[in-house]
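Asks: One-letter residues, chain by chain:
Number of protein chains: 4
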Amino acid sequence: MCRWLAYSGTPISLDQLLYKPRFSLIDQSMHSRLGVETTNGDGVGVGWYGADDAPALFRGVGPAWGDVNLRELARVTRSGLFLAHIRASTGTPVQQSNCHPFRYGRWLWCHNGAIHGFRELKRDLVLAVDPELYPSISGSTDSEVMFYLALTFGLRDDPVRAVERMAGLVEQTARAHDVPEPLQMTVGTTDGERVWAFRYSSVGKSRTLFYSTELNALRALHPDFALIQGLSEETRLIVSEPLGELEGAWQPVPESSYGVIQKGADELGSFTPR
Amino acid sequence: MCRWLAYSGTPISLDQLLYKPRFSLIDQSMHSRLGVETTNGDGVGVGWYGADDAPALFRGVGPAWGDVNLRELARVTRSGLFLAHIRASTGTPVQQSNCHPFRYGRWLWCHNGAIHGFRELKRDLVLAVDPELYPSISGSTDSEVMFYLALTFGLRDDPVRAVERMAGLVEQTARAHDVPEPLQMTVGTTDGERVWAFRYSSVGKSRTLFYSTELNALRALHPDFALIQGLSEETRLIVSEPLGELEGAWQPVPESSYGVIQKGADELGSFTPR
Amino acid sequence: MCRWLAYSGTPISLDQLLYKPRFSLIDQSMHSRLGVETTNGDGVGVGWYGADDAPALFRGVGPAWGDVNLRELARVTRSGLFLAHIRASTGTPVQQSNCHPFRYGRWLWCHNGAIHGFRELKRDLVLAVDPELYPSISGSTDSEVMFYLALTFGLRDDPVRAVERMAGLVEQTARAHDVPEPLQMTVGTTDGERVWAFRYSSVGKSRTLFYSTELNALRALHPDFALIQGLSEETRLIVSEPLGELEGAWQPVPESSYGVIQKGADELGSFTPR
Amino acid sequence: MCRWLAYSGTPISLDQLLYKPRFSLIDQSMHSRLGVETTNGDGVGVGWYGADDAPALFRGVGPAWGDVNLRELARVTRSGLFLAHIRASTGTPVQQSNCHPFRYGRWLWCHNGAIHGFRELKRDLVLAVDPELYPSISGSTDSEVMFYLALTFGLRDDPVRAVERMAGLVEQTARAHDVPEPLQMTVGTTDGERVWAFRYSSVGKSRTLFYSTELNALRALHPDFALIQGLSEETRLIVSEPLGELEGAWQPVPESSYGVIQKGADELGSFTPR
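Chains as they are written, first to last, in the numbering used here: chain G, 72 to 345; chain V, 72 to 345; chain S, 72 to 345; chain A, 72 to 345.
Pulled out of the complex, with its shape left as it was, chain G reads as follows:
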């Protein structure tokens, strides 16, 4: 169980979302309200896009609430697109290479959930990863294997279809091993231009995921709230659980669906493992 957020829009300093709101992501590392576990203290990571082509990564193995370097970094780093994640291990070691987001080229990936029976299924899943991609797997989590499967199935060309095929393979492999209802996931992934978010579970009861209300609607509700006045109309957030306390700020992502944040109209569609 973990928590994550994705931000896309007007460049802001990372601490605006990681630290400053009530119920901020870093608060959730100690006191999550909607998580399966209330504590997410097994590491933290943030990936952000800037001037450079490739996203930058910071990943720490201690609890997010006490990471002094992250606090400094978040204060002085501005970005218009970033993913952040706090980890609650489901059994794999607490180490930097298991912290999200994972990165491959321009892509970042973070995950909340688990593949049940992963110990049994791992070998078959890893075998399905493109041998060219295989050597880049550096940690031991289910989440990273999901990322490399999605890359194998075309994440860079057709992300929705690639994640659907990944989910399909996980479920098919689980059936072969008699593991019922194996997949539980919310996933956020981005190429630095668009952000895709997925909410799905084999059991049909997925971890929570929310996206932010359109900003002009939100401004109409809260004309006095300074932070949101300075943000562009296209600014969007996707979060495991709501930050802050603004009424009307959040919409749940429906079960078995995906969303795309992009220039122009965003997209919301249904998600079906293939």
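Mixed in with the good hints, there may be bad ones.
All copies of an identical chain are treated as equivalent in the list; a pair is satisfied when it fits inside any one copy or across any two copies.
Claimed, not checked - Pairs of lysine to aspartate or glutamate residues, derived as DMTMM-like cross-links and limited to a Cα-Cα distance of at most 25 Å, are as follows:
hint: 1; residue 1: 91; residue 2: 108
hint: 2; residue 1: 91; residue 2: 124
hint: 3; residue 1: 193; residue 2: 203
Hint data in this document are derived by calculation from the structure and do not stem from the laboratory.
Got chain G sorted already, so can you dock chains V, S and A onto it with the hints?
Replies: For chains V, S and A alone, kept in the frame of chain G given last:
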């Protein structure tokens, strides 16, 4: 806010208390039921006595629940007297030198609570430490300063009086700085022979502390419970919050009092800062 | 590049070998004299056998020279059979799951050297691991894959043959990928009764490895040296580079050979990948 | 013993100096050529100035050579003024609060060297720190106490005089405790506008310190070297030991002297403890 336990009696492996009971100390690192904070993830420590003269220390900076080395150590280490502690920082850095127990010669010390206004009071308190002892202070916590003040005031000769004088100095120093109700503490300390436990707060509402019921009474209540059948009559535990689920196993240490676990009759007395 | 030692004989406290000798293993973490790298600061580990069936492990990710917990542990832990290792990463992450020794059941394994071209060869090598064993791989090093290959090939029944088959597979896989001279290794492994040591490299120029002279010969040379007087005749050490400064104490393990330390006569044989 | 560098001039990405040159600072963490110790693996830190008023800090407790977060940060962070430091502990704990640079308001401070007899002298030195500043001391090193003494003696108004008074107090305190030749130091400090560097030791044999040749002279020597063509005339470096391999690039800072890097003419003067 922290949690701690002290064990004295028939030698057992450390994991019997740190890991195996329901609501074990390590469980409390993630889910404390009686703590001011529910999470105690800012470090862990255990000090134990064995063949050697000096107690051995293990202290880790990550959350106790994920410390693989501690789990191994607890499995293979047996001791008849040990202190263990899980930390929730009240502001000082998360680092090994701030993890309890603290050690000086044969003495160990652990603390749950805080000196309020410690930033303001620290210089005066540190100045009151015996200059011979001063260089041995290696961390930056209020808890360690309390230990060195107690050592200065004769902990090794008359522990109760020394801790009372320490508490008195803290309160007097706070008055001089207009800091009200400065001290909140449960303290466990031992020389490898006896264990002293203290429960006190300036405000008269101290953190919880419990001691174990005498074993023959407990055996009468639970004749079928294997673990306690093998322990000597003199075996005792002091804990911040009850471990396990045995009815009748725990007695609260009264407000403003101290207890001594020792060969022969234990001792319970009232505690008054001097 | 790494350094390791194996000890078998009269139980001693670990610090007798890890800390006390001149050129001790912990000294070598900062100043190795014979290593390819002079610094071995990417982690440390020790595995030891005691009362318990399974060996205990301590593994730290910081440099051995500064590991305070290891120093404490080594002071109070006595064992008649232990392996210790200091790591210099050849590229894989510095994390606990990559620290040696690796453990499976009663077996421990440590390695100095590398599989060249491991990124390219890894997938094929991992595929050759017994699917039953595969889920227990928890880190990302070549060393751990070598261990699981040896387990796959019968380490628990015929260690020499299993390690020869492992080396053979590595060389055969490398040939298929046009990777020349892939294997460089000294390996120590034990089941808690006997210790096997291997020295081999595809290029025929292996990392150094030494075993200790028989104790009665050594005592004759150094009648005044207290430490060795108290050790049983069967006490043996295997080390990457000599500890201490006793003349005549060390014999090099020959190229392409293996040794077995065991009750009764030790064994030395030639090593040929199969 | 440690190594540090200070950069002032045309904004560059940190990795231009921390990673890219031969004999870069990060290389020196494993292989220092001029240091008293060849290994500086007890932590790393960098402080830099940017848009914000206060400098940002990153400090890691592991060896610099393996710090993945620092590598990322250095790649994407540009600054026109920064200090970086790699640590070799002289006995105080390896922990973040002991990593340089230290920060107070807009000021940064780093140190290579030691106060000999620091355990004995520490109490008297700490007592001399302004009580208003005292609570901001967060670690346990001699280096940080030197910083707070300099702040006490007016670092923010007259840095050279303040550091001279600090050195004078250290030497006077040492005399009172019969500690001979107590101070060994190169110090770099900055307020974000100017950089002061000091080289001094009581024994008159100070650790090495170099400053970069004026850029137009260096360009005349190396017209083909791309990196230096793009830097402003006022760009300067101060380093514990030379980076790179450019002939004529470095001048030693004389014994018992200080230098100031600033807009307009730099300054070099003699240093006398007061």
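Asks: Hints first: check each against the structure and report whether it holds.
Replies: Here's how the hints hold up against the structure:
For a Cα distance limit of 25 Å, the shortest separation of residue 91 from residue 108 qualifies both inside one copy, at 22 Å, and across copies, at 21 Å. For the identical chains of this complex, residue 91 and residue 124 are inter-copy neighbours only, at 19 Å across copies versus 28 Å inside a copy, given an alpha-carbon limit of 25 Å. Taking CA atoms no more than 25 Å apart as the test, residue 193 paired with residue 203 passes in both settings, with 18 Å inside one copy and 11 Å between copies.
Comparing the model with each earlier hint shows no violations; every hint is respected.
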